[in-house]
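**Student:** Chains as they are written, first to last, in this note's numbering: chain A, 1 to 231; chain B, 1 to 277; chain C, 1 to 240.
Everything labelled a hint here was simulated from the structure, so no lab data went into it.
The structure presented is a predicted model; accordingly, all values stated were derived computationally and were not measured.
Using N, Cα and C, we set each Cβ at its ideal position, and we do this for glycine too.
Among the hints, erroneous ones may be present.
Selected chain B positions facing chain A (in silico; Cβ < 8 Å) [unchecked claim]: (1) R29; (2) G177; (3) L200; (4) E204; (5) H232; (6) H234.
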Amino acid sequence: MNEILLAFRKAFYLIISLDRELIEIVSLSLCVSLTAILIASVTGIISASLLAFRRFPMRGLIINLLNTFMGLPPVVVGLLLYLILSRSGPLGFLGLLYTPSAMLIAQAILAFPIIAAMSYSSINSVSPDIRLAALGLGATRVQASIAVVRDARYGIISSVMAGLGRVMAEVGAVLIVGGNIAGYTRVMTTTIALEYDKGNFSLAIALGIILLLISLCINSVMYLLQRRVSK
Amino acid sequence: MRFLRNCIWMFLILSMLNVSMGSAETRIRCASTTSTQNSGLFDYLLPIFERETGIKVDVVAVGTGAALEIGKRGDADVVFVHAKEDELRLVKEGYFVNRHDVMYNDFIIVGPPDDPAGVKELRSASEAFRKISRVKAPFVSRGDNSGTHKKELKIWRKAGINPGGNRWYLEVGQGMGKTLRIANEKRAYTLTDRGTWLALKDKERFDLEIMVEGDKMLFNQYGVMAVNPERHPHVKYKEAMRFINFLISEKGQRAIAGFRDSRGNQLFYPDAKGFKR
Amino acid sequence: MNLTMKNVSKSYGGCVAIEDCTLTIKPGTFNAIIGPNGSGKSTLLRIASLLEEPDRGEVTYSDSTGVLKKDISLRRRIAVVLAGNTLFNDTVFNNVAYGLRIRGYKRHIISDKVHDILGRFQLSDRARRNVRTLSTGEAQRVVVARALVTEPWYLFLDEPTASLDPVNTELIEAVLREYSFRDGMTIVMITHNMFQAKRLADRIIFMYRGRIIEDADSSRFFTSPEDELARRFISGDMVW
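Model the full structure from these sequences, guided by the hints.
**Tutor:** Encoded structure:
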């Protein structure tokens, strides 16, 4: 109990002292996760739209796979990506292993199935009349599809938030492909894992509190954004 | 709305720049072990090296097994671990070059103060293991192919016992700190490096004591070696050699000798060839 | 611009919706399609408005230059009001502006046109509201306004005043009549309300079980229908 109180005090001190190392770690976490989410959102929403509006072979299988991959263990993604990005692996020549870009890729891979599958189901739950209504007002097929996607935007925003939640809290994959290198690929979650390893429990919890506060901020911004969109 | 959107774009562009700018300076990658990193040695040593040469060393801290694998695959420039036999074998197989002893510390056997196996103050580690197995006292093993784990298995071999599969023998597959924590909870014996033990025992108020120390078998040699540039042409061999030469130089060795943990314990003893202690 | 349907049939999963329907709609006319539920009115409307392809038969739009290609520029001369609430989950303004935005109108033109039509439907003070906060009558007015704002040559409506009170019905009818008389807009409207058909339409198309049973001028249809079924339908004797 004492240690938890201590953790809150430490978190408070870390925040008000604007510790330089902490700021670096936090900003790297945000950069990596937000960029990963941006990539995963664009590709995920486009994939979801194609799945919802086009009929092609293997479509059912792909939807099934996406739903399965929502629960993909991060460690497995990390290890596979490690083997691919390793100097001895197929994409080794890119020299991406143990860089922020590698973490970004890992997080984008983790977020993609969540965003794609959840967006697909919210696009699918839009009444088919919406598409017909758009066509009946002179929309092209693409414009009508966009109208349906627009109508599903709350569900899509939720899916992006869910993806962000997953990658921000993720540690297994970024630890393997990022390497938790101090000042280079060390992010919030890997720092927490490291401090736990070192036995600095209260510091680890303090960092956890800060991570939660950041998530709270992002969620609030998204919530406000959503409200503005809906007005 | 538009303003907000612009802000987000600005942030993303800046963040991309930030990510890509990171690789401008000279940096090499060193695969090493969690125990070395968690002791704080790198935080102390690397800034000295960076001041001297301008080379930044990125440390990827994993288990010894993983560190050697990372080096073999060419994903690091230099490897700094403690598994001398494996290191020498991999040098012979051509994966690494220029291996040097750098420093040592030692392993100790710790256990609950009531010492159910009666091993306290034995001089021989293998004798202690034999006694532990005889009374089936719980023993926690790293079980993660790390240097410590390999050392432990070597002691079991010498004791002539195959502990695997016994109920009193717990393979946890975790780092040293976690393994100690589990031993503490389970009232079990375990083998640990002295550095991690010293770093954690007060902080976590372990109810464990040192049982066996000083056996020659418990000696823990750290070595450094460069990834063979003939096998992996992309490695920064020149910079890696500067790092190795720094570690075994008079200056590097003195720095290692001068390193103390936060409670003032010396954790590593330099022993590079030609360096007089 | 003439709309011609020739021997058009459509079925859904083996269930016949319309069968062998032939029909010509002349420009500038106000046409009402009546008939019991399930008689194929909505299917006919969706096929006539090019939202669906017929299984057999053909639908052509033609003008003095000949038959027109069924491309986007033709479809942009047609607007459809489907049955039920098909509004986008958005503000009243954005719903009504949709048809203009996809046609690439400039911002200020869109704003002018939208506010103009909202005024006609007495919705000016609702522009910024989300459509989900509207009453049934208001929502239905938005649906019709959304189609009219695109100034189509052909306007198709599927029961635009179903379940509306007389005040809302009156309002929508007034605007439709205005567009029909003043601008010569061609209107095809499905309705269950015989009095409404009588009030508005110059021509009545009576459908029963997927077929066009009677197709006649409004005045003649209501006074001396040729078909026995149509006669029973107007007199209220028909039980289905």
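**Student:** Quick one: which hint numbers does this structure break? Sort them smallest to largest.
**Tutor:** Structure breaks no hint.
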